[in-house]
Amino acid sequence: MISMRNVSKTYGADKPALYDVNVEIEQGEFVFLVGHSGSGKSTFIRLLQRELLPSEGSIVVAGQDLTRMKNWKVPFLRRNIGCVFQDFKLLPNKTTYENVAFALEVIGRSKHVIRTQVPEVLRLVGLEEKINSYPDELSGGEQQRVSIARAFVNRPPLLLADEPTGNLDPATSLGIMSLFSRINKTGTTVLVATHDREMVDSMRKRVIALENGRVIRDQDRGVYGYGD
Amino acid sequence: MSSVTRIAGCTAMAINVGYFVRESVQSFRRNWVMSLGAVITIYLSLLIVGASVGSSMVVGQVVRSVEEKVSIRIFLKDGAAPADVDALNKALVGDARVKDVKYTSKEEALEELKKTTLADSPEIVDQLEVNPLPASLDVNLKKPQDVNAVVETIKANPGFLKVADRPDNPEKSLKYGQQIVNQLFAFTSALRVIGAVFIIMLAVISLIFINNTIRLAIYARRKEIGIMRLVGASNWFIRTPFLLEGMLQSLLGAFLALLTLGSVQWFLMPKLKETISFLPVSLSAGASVQISLILILSGVIIGLAGSAVALRRYLKV
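If you read the protein sequences in the order shown, they are chains A and B.
Following numbering that gives the first Met the number 0, the numbering of the first sequence begins with 0 at its first residue and continues without gaps.
Following numbering that gives the first Met the number 0, the numbering of the second sequence begins with 0 at its first residue and continues without gaps.
Source of the hints: derived by calculation from the structure; they are not laboratory data.
Virtual Cβ for every residue (Gly too), placed ideally from N, Cα, C.
Just to be clear, a hint being listed does not mean it is correct.
Partial pick of chain A residues on the chain B-facing surface, computed with a CB cut under 10 Å [stated by the list, open to error]:
#1 Asn98
#2 Gly107
#3 Val152
#4 Pro156
Working from the sequences, and respecting the hints, build out all of it.
The structure is reproduced here in structure tokens:
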């Protein structure tokens with residue numbers, strides 16, 4: 000699903016944000032990407048979305064070489080990648096339903112598809128009761144569920160999450176993580192960047208650890224690590 | 000693969016015409032303060048551009064009518080042989096710069112004097128024992144600017160001296176407002192250049208204003224654009240509602256500007272005509288249509304170009 004070979008990314012003249020990263024992720028895997036702030040987690044995620052191009056090396060996502068991809072094709076790549084962020088990125092003037100439907104509308108899905116898929120995915124994330132609420136009427140955990148629903152409504156084969164529980168309390172975080180786990184069981188590859196130690200340790204999934212832009216550990220059924 | 004996705008993209012476009020229209024009207028309503036700002040800016044800019052184009056058209060027409068009065072009058076001596084006059088007439092008509100030549104006899108000249116300069120006391124003319132006025136050839140030109148060149152040609156024509164009123168001083172046999180002509184042309188061409196520069200400056204200023212206003216409107220919605228890019232909306236899909244919105248605003252601004260200009264013309268023109276009745280102040284229907292077309296077209300172009308330029312920043316992949 001994801002193949003990164005000798006990938007480096009340098010911003011300006013600074014020391015590289017990522018250095019010589021080699022990672023293979025198979026379809027259907029659940030992977031944690033861990034590391035301190037500034038270790039290169041966000042750069043890792045943004046490279047996979049092709050928000051950024053690597054300074055060196057090659058990245059293949061879903062069989063497509065991102066370094067050689069034409070600009071006009073990038074939107075079609077992103078339709079195959081669901082994204083979840085720490086700050087939810089919901090539109091405040093749209094309801095739960097409209098926020099999720101928006102993601103289908105703007106990629107040209109028909110009304111019929113929208114009317115069947117949106118309620119279904121909202122049921123999956125457990126928000127069928129809050130369908131007409133606006134984001135400011137929802138709790139942080141609920142807002143994150145809306146954003147996960149939006150990321151998953153198009154059934155992408157790959158789901159990326161950048162610190163999805165960064166703004167949430169531990170109990171709520173647990174709920175979000177079990178949601179990711181459920182989504183993973185449908186066959187979707189899930190990559191979660193986090194520094195939530197408890198979460199990583201309790202889930203026992205594959206863990207890729209970054210430090211100063213290098214992969215220092217890649218371990219199946221791993222733990223957060225780092226002695227601190 | 001690529002052609003398949005492209006076709007899929009195209010059908011999605013076709014299906015979503017309704018979405019685009021709905022989205023641009025909706026955002027016009029939702030962000031109506033921003034939209035109002037853009038409409039007012041476009042309205043004022045186009046109003047000023049339209050007013051200057053209109054007034055420069057009026058001025059241009061006045062200038063043309065003044066210029067058209069420039070003609071060359073050749074005074075003929077009494078008893079000039081008709082054959083010689085005819086020869087000079089033919090030579091003039093044959094000149095490519097000459098529009099037409101009119102012969103005025105002594106009697107006609109007197110008659111004209113009676114009707115114009117002495118209209119208040121025509122009896123003076125009747126008291127004259129002999130007709131003191133010479134017959135003349137009036138030469139109208141295609142381009143008034145050619146007047147000096149044509150005068151030189153006439154002077155060089157040997158037939159001219161045979162029929163001239165005062166062969167001893169040929170200069171006196173020609174009347175064409177020697178000094179005034181040159182000054183008039185210097186003035187009118189300066190007027191045209193100043194008008195053109197003024198209008199170009201205004202157009203540039205309004206383009207900058209509109210680009211800025213649209214950029215603010217897009218900035219206010221950058222979050223929405225960010226999410227659209229995130230979920231894989233194509234750039235054209237993101238762009239189209241903004242372009243439509245920009246065009247809608249421009250059209251509205253142009254329409255309001257036209258309405259204002261129309262009513263100004265309706266109320267002001269008759270008064271202006273009254274005040275300066277000696278000059279032919281008017282705006283033909285053709286000119287009004289021309290101004291309307293200029294305003295609407297430049298409005299649409301400014302709206303589209305302004306939105307497109309402003310959008311480019313937010314659509315980097």
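Violating hint indices (sorted, rising): Structure breaks hint 4 only.
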